[in-house]
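Peer 1: With the hints as extra help, turn the sequences into a complete structure.
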Amino acid sequence: MHELSIAASIVEAVTETAAAYAGARVIAVRLRVGALAAVVEDSLQFCWSVTTEGTPLAGAALAVRKMPVVIHCAACGVDAEVGGVQSFRCPLCGQPAADLRQGRELEIESIEIEEPEGEALVASGEKDRR
Amino acid sequence: MTTRIVELRRGILKKNDELAAGLRARFHAAGVLVLNLVSSPGTGKTALLERTLRELLARGFRAAALVGDLATDNDARRLAASGAPVRQINTHGICHLDAEMIGKHLEGWDSLGAVGAMPSSRIAAAMNGSPAESAAAVATGAHLAALDFLFIENVGNLVCPSSYDLGEGIRVALLSVTEGEDKPLKYPTLFNSADAAVITKIDIAGPCGFDRELALRNMNEIRPGIRIFETSAKTGAGMEEWLEYLSSECTGRR
Chain A
1 MHELSIAASI
11 VEAVTETAAA
21 YAGARVIAVR
31 LRVGALAAVV
41 EDSLQFCWSV
51 TTEGTPLAGA
61 ALAVRKMPVV
71 IHCAACGVDA
81 EVGGVQSFRC
91 PLCGQPAADL
101 RQGRELEIES
111 IEIEEPEGEA
121 LVASGEKDRR
Chain B
1 MTTRIVELRR
11 GILKKNDELA
21 AGLRARFHAA
31 GVLVLNLVSS
41 PGTGKTALLE
51 RTLRELLARG
61 FRAAALVGDL
71 ATDNDARRLA
81 ASGAPVRQIN
91 THGICHLDAE
101 MIGKHLEGWD
111 SLGAVGAMPS
121 SRIAAAMNGS
131 PAESAAAVAT
141 GAHLAALDFL
151 FIENVGNLVC
161 PSSYDLGEGI
171 RVALLSVTEG
181 EDKPLKYPTL
191 FNSADAAVIT
201 KIDIAGPCGF
211 DRELALRNMN
221 EIRPGIRIFE
231 TSAKTGAGME
241 EWLEYLSSEC
251 TGRR
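Quick mapping for you: the protein sequence lines, in order, are chains A and B. Residue numbering for the first sequence follows the numbering used here, beginning at 1 and increasing consecutively. Residue numbering for the second sequence follows the numbering used here, beginning at 1 and increasing consecutively.
Hints listed in this document are in silico derivations from the structure and should not be mistaken for laboratory results. Yeah, the Cβ is synthetic: ideal placement off N, Cα and C, and Gly gets one too. Take the hints with a grain of salt, since some may be wrong.
As a list, the in silico SDA-like pairs of lysine to any residue whose alpha-carbon atoms are at most 25 Å apart [to be verified]:
{"id": "1", "chain 1": "B", "residue 1": "Lys104", "chain 2": "A", "residue 2": "Glu12"}
{"id": "2", "chain 1": "B", "residue 1": "Lys186", "chain 2": "A", "residue 2": "Val11"}
{"id": "3", "chain 1": "B", "residue 1": "Lys15", "chain 2": "A", "residue 2": "Gln102"}
{"id": "4", "chain 1": "B", "residue 1": "Lys186", "chain 2": "A", "residue 2": "Leu100"}
{"id": "5", "chain 1": "B", "residue 1": "Lys14", "chain 2": "A", "residue 2": "Gln95"}
{"id": "6", "chain 1": "B", "residue 1": "Lys15", "chain 2": "A", "residue 2": "Glu3"}
{"id": "7", "chain 1": "B", "residue 1": "Lys186", "chain 2": "A", "residue 2": "Gln102"}
{"id": "8", "chain 1": "B", "residue 1": "Lys186", "chain 2": "A", "residue 2": "His72"}
{"id": "9", "chain 1": "B", "residue 1": "Lys186", "chain 2": "A", "residue 2": "Ala98"}
{"id": "10", "chain 1": "B", "residue 1": "Lys14", "chain 2": "A", "residue 2": "Val50"}
{"id": "11", "chain 1": "A", "residue 1": "Lys66", "chain 2": "A", "residue 2": "Glu105"}
{"id": "12", "chain 1": "B", "residue 1": "Lys14", "chain 2": "A", "residue 2": "Met67"}
{"id": "13", "chain 1": "B", "residue 1": "Lys15", "chain 2": "A", "residue 2": "Ala61"}
{"id": "14", "chain 1": "B", "residue 1": "Lys15", "chain 2": "B", "residue 2": "Gln88"}
{"id": "15", "chain 1": "B", "residue 1": "Lys186", "chain 2": "A", "residue 2": "Val50"}
{"id": "16", "chain 1": "B", "residue 1": "Lys14", "chain 2": "A", "residue 2": "Leu92"}
{"id": "17", "chain 1": "B", "residue 1": "Lys186", "chain 2": "A", "residue 2": "Gly84"}
{"id": "18", "chain 1": "B", "residue 1": "Lys104", "chain 2": "A", "residue 2": "Ala13"}
{"id": "19", "chain 1": "B", "residue 1": "Lys14", "chain 2": "A", "residue 2": "Asp42"}
{"id": "20", "chain 1": "B", "residue 1": "Lys15", "chain 2": "A", "residue 2": "Glu12"}
{"id": "21", "chain 1": "B", "residue 1": "Lys15", "chain 2": "A", "residue 2": "Thr55"}
{"id": "22", "chain 1": "A", "residue 1": "Lys66", "chain 2": "B", "residue 2": "Asp17"}
{"id": "23", "chain 1": "B", "residue 1": "Lys15", "chain 2": "A", "residue 2": "Ala20"}
{"id": "24", "chain 1": "B", "residue 1": "Lys14", "chain 2": "A", "residue 2": "Asp99"}
{"id": "25", "chain 1": "B", "residue 1": "Lys186", "chain 2": "A", "residue 2": "Gln45"}
{"id": "26", "chain 1": "B", "residue 1": "Lys14", "chain 2": "A", "residue 2": "Ala74"}
{"id": "27", "chain 1": "B", "residue 1": "Lys14", "chain 2": "A", "residue 2": "Glu3"}
{"id": "28", "chain 1": "B", "residue 1": "Lys14", "chain 2": "A", "residue 2": "Ala75"}
{"id": "29", "chain 1": "B", "residue 1": "Lys15", "chain 2": "A", "residue 2": "Arg65"}
{"id": "30", "chain 1": "A", "residue 1": "Lys66", "chain 2": "B", "residue 2": "Arg10"}
To give a feel for the contact side, a few chain A residues facing chain B, derived at Cβ under 10 Å [claimed, not checked]:
{"id": "31", "residue": "Ser5"}
{"id": "32", "residue": "Ala13"}
{"id": "33", "residue": "Ala24"}
{"id": "34", "residue": "Arg101"}
{"id": "35", "residue": "Gly103"}
{"id": "36", "residue": "Glu115"}
Peer 2: Rendered as structure tokens:
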């Protein structure tokens, strides 16, 4: 239900980052979304297309990498992935494990930009070395 | 044209998280324990809070509440009958509270002056910061320092509120006996992110055919070891244990 405000937050962060690369166009935004992040991907994709429509981000792909829940089992001393989000038990020993190490992520991992050759050199500070 | 990858590694809700961290520091400096109450609509957040506020005030604690709803100030009026300072947050369609709304509704909360005189030690604690922070504390945070508890009743919703940190010290998830014992399994994110849980309306557990053992088991599957209270705001059953918990958490965090 809050995918629209999440899409708006992504637009804000990506626009801010992309502003440092003059003339560049954002072609993809890569996200890491934990299984416990309470985000529905279909809904997020829809909100992304609506939010970016008519903006420089229009047409940029939203690539979502799903992160499974990983717990830490103190008894076994390991980090282990649990299947799904219905039970938080160590898959090795079966003991309940409340120590969550992964699965709540809701972050922008990276953006992929396309930029004109000359501008790329300016942005990376290599122009003088030419 | 060339393409390149720019690493960001940035939380999408970074802005909210930063504001929440600021609120948390402010609450800590003011010595106020903040609880965020989350549940589906109709679980009885307001009923539990009405009775909690009344009983805490009767025991000499100072408590206030912020209450979120899409529309109406019905809940604020119900809660204010307890005598505690209450402020309604209308989200106008937004399905959750966020840290910005909380910060905004704490500004200039003058009615908090009605809570009572503030001990000088608490004022000093609230003003124990940089000159700029102290000025802010005088304007807003100083009122917080007159409180023992601030309750935030979130918008009734079992999904979205779990993503938004409000700077609270304790997140409490409520489940009523009318809702079905598998709610924690259906909405794992919310129950997993809670620090404590309250099963409400236990006075009608029998007629509802509520399977208590199953509900407790499900909650423990989703959040192993979670502290669970069972209450009836109507009869007062279980309230004593809940109030004792609040009182000890409040003292423990000073």
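Peer 1: Just pull the numbers of the violated hints for me, sorted ascending.
Peer 2: Per hint list: 2, 5, 15, 16, 26, 28 and 34 violated.
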